[in-house]
Every structure is written in C-alpha cells, then in structure tokens.
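Asker: Sequence:
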Amino acid sequence: MTRIVSIGSIAVSTALGGYLLTKFNPSPRKALLFLIATWFIIVITYLVGAIVGCNAPQVKELLIAAINQEKFIDKLECSFECQCTQVDFFNPWDLCLCADNGPVETGLYTDECNAIFIYIASMFMGLFLGNLFFMTTMMIVLRSVYDDEKVLALSFASCTTNIMGFIPGPIIFGWIIDEDCLLWHSKCPHDHGNCVIYDNKAFRQSFHLTSAGFQFLAVISVVICYIFSRKFTFPEEERKEEMYDEYVEKQADGSYVVQTIS
Numbered sequence: 004m005t006r007i008v009s010i011g012s013i014a015v016s017t018a019l020g021g022y023l024l025t026k027f028n029p030s031p032r033k034a035l036l037f038l039i040a041t042w043f044i045i046v047i048t049y050l051v052g053a054i055v056g057c058n059a060p061q062v063k064e065l066l067i068a069a070i071n072q073e074k075f076i077d078k079l080e081c082s083f084e085c086q087c088t089q090v091d092f093f094n095p096w097d098l099c100l101c102a103d104n105g106p107v108e109t110g111l112y113t114d115e116c117n118a119i120f121i122y123i124a125s126m127f128m129g130l131f132l133g134n135l136f137f138m139t140t141m142m143i144v145l146r147s148v149y150d151d152e153k154v155l156a157l158s159f160a161s162c163t164t165n166i167m168g169f170i171p172g173p174i175i176f177g178w179i180i181d182e183d184c185l186l187w188h189s190k191c192p193h194d195h196g197n198c199v200i201y202d203n204k205a206f207r208q209s210f211h212l213t214s215a216g217f218q219f220l221a222v223i224s225v226v227i228c229y230i231f232s233r234k235f236t237f238p239e240e241e242r243k244e245e246m247y248d249e250y251v252e253k254q255a256d257g258s259y260v261v262q263t264i265s
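Basically this note's numbering = 1-based index in the sequence shown + 3.
By construction, these hints were calculated from the structure, which means they are not laboratory data. Hints are supplied without guarantee of correctness; some may be wrong.
[Said to hold, decoys possible] Straight-line Cα separation of at most 27 Å, DSS-like style, residue types lysine-lysine; simulated pairs:
| no. | residue 1 | residue 2 |
| --- | --- | --- |
| 1 | Lys-153 | Lys-33 |
| 2 | Lys-234 | Lys-33 |
| 3 | Lys-234 | Lys-153 |
| 4 | Lys-153 | Lys-26 |
Turn these sequences into a full structure, and let the hints guide you.
Answerer: What follows is the structure, encoded as structure tokens:
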C-alpha cells in the first residue's frame, strides 16, 4: 500500500513539475536551487519515516534473551510431544500446553496502531514536494552542453546513474533487510530461506535512515554543482553574449537601425 502511494505521488509530482518547468523555464542555476530545496524535503521525509511506526509483535522466547544464545531452538519444552518433526512451524503447541490455561488465538498479536495513516500522509506529501523538480536533473544535463554533445551527455548520465544507483542500491538495501530478520524459515543450517519474523523497529529505522543518508549525499552533490555553476558559462549564456556583442558592433558602425512605429 505504501509503495503504491509513493509511486503515485512521484508520478503526479513529476508530471506537474515538468509542466511548471515548461511554463516558467527557469535558468539552470535557479533549477539547481529548486532541486536542492525539494531534495532536502525528501531527507526530512525519510527522517520522519524512521520515527513514525507501530510496535513489533512480541513472540515468547524469540524477542528476549533466548534469541541471543548461540544455539537457539525454535521449540519450547512443552512442545516436544507434538509429533510434528517434519513440519516447519515455529513453536507448534499441542493442546495449548504452553498457554497456562489462558485464552489463545492463532497468528501474531498486534496492538491497535493508527500510525500507518500518519506515515502514508507524510510520505505522500514529502515525496510529492521532493520530486516536484526531479526533471531538472535531465534539463540541466541538456542545457550544460552544446547541441552536438547532448547524446553523449545523456549516455554518460545514464551510465553513471546505473553504476552508482540502480546496481548497488538493491544489493545494499537487500543486505539491510536481511540483517533485520530475527527468524529464518529454513530446512538447512546454512540456508536462510525466507524470513518469518522481522525486527520491525530496527527495519524501519535502518531503512529510512539509510535512505535519508543517501538522499543527503545527493543534496550535497547538487550543492557542489551549484557552486561550480556560478563560475560556469552555459551555452545559452554564450549565445546571449554573442547576440549582444553583435548588437553592439552594429550600433557602433551605424548599420543597425531600430525602427519605431508610431
């Protein structure tokens, strides 16, 4: 659900941002400033996401000291007579012998939590505002080079994005997700298999803080680009200077006449 909201907000934001860029046509330097401001909003959004969340379900003998033992056994003593050695269930109770005559229900017990609505709202607004000027990245690349260099510039930008973003990104976040797993559903000792229970709090914090860290590095890189752009002459600025110099020369030799219509 959160992924659908995120993709939807980014899609609408990118379309609206493209329209605004076409309508107002900001200079490359102003576009960089817009990008710095909006991407910093994404950093704040990820920091908020690391705070907002619900408590993880507590499983007896799993989220306490027993999990820290070197040889953790996923059965309690009252489960030894269940006769289900071929079944991969965690703590298969027989006749509720571990319930101490109390009421039991199937599944994990979770407290009522409405933080999901706060999380979705903050993510939607943050990613919407943060990606409003995402297309400026492409615009700046195209307006920083001459016409005959645009294809090469786009190819280099795409190659750099894949090498530094799309390729290592899934590997890094996959490792983070695996590190936050508390119990693996596996048939072999050295095979992780599927994760049965995650540490939700650690997963939420590590995922969002890592995302905020990478996004902050992106903001720093855009700040550096803006600093260098103040000493850089864009091709469109060169054309304006050439047109102005040509106008001055024609004014000097009298060949340029301005006609006014009364």
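Asker: Give a verdict on every hint.
Answerer: Evaluated hints:
1. Using a Cα cut-off of 27 Å, the hinted pair Lys-153 and Lys-33 holds, with the two alpha carbons roughly 21 Å apart.
2. Distance check on the hinted pair: Lys-234 and Lys-33 sit about 14 Å apart at the alpha-carbon level, within 27 Å; holds.
3. Restraint check for Lys-234 and Lys-153: the C-alpha separation of about 21 Å stays at or below 27 Å, so the hint holds.
4. Simply put, Lys-153 and Lys-26 have alpha-carbon atoms about 22 Å apart, close enough for the 27 Å limit, and the pair holds.
Consistency with the previously given hints is maintained throughout, with no hint failing.
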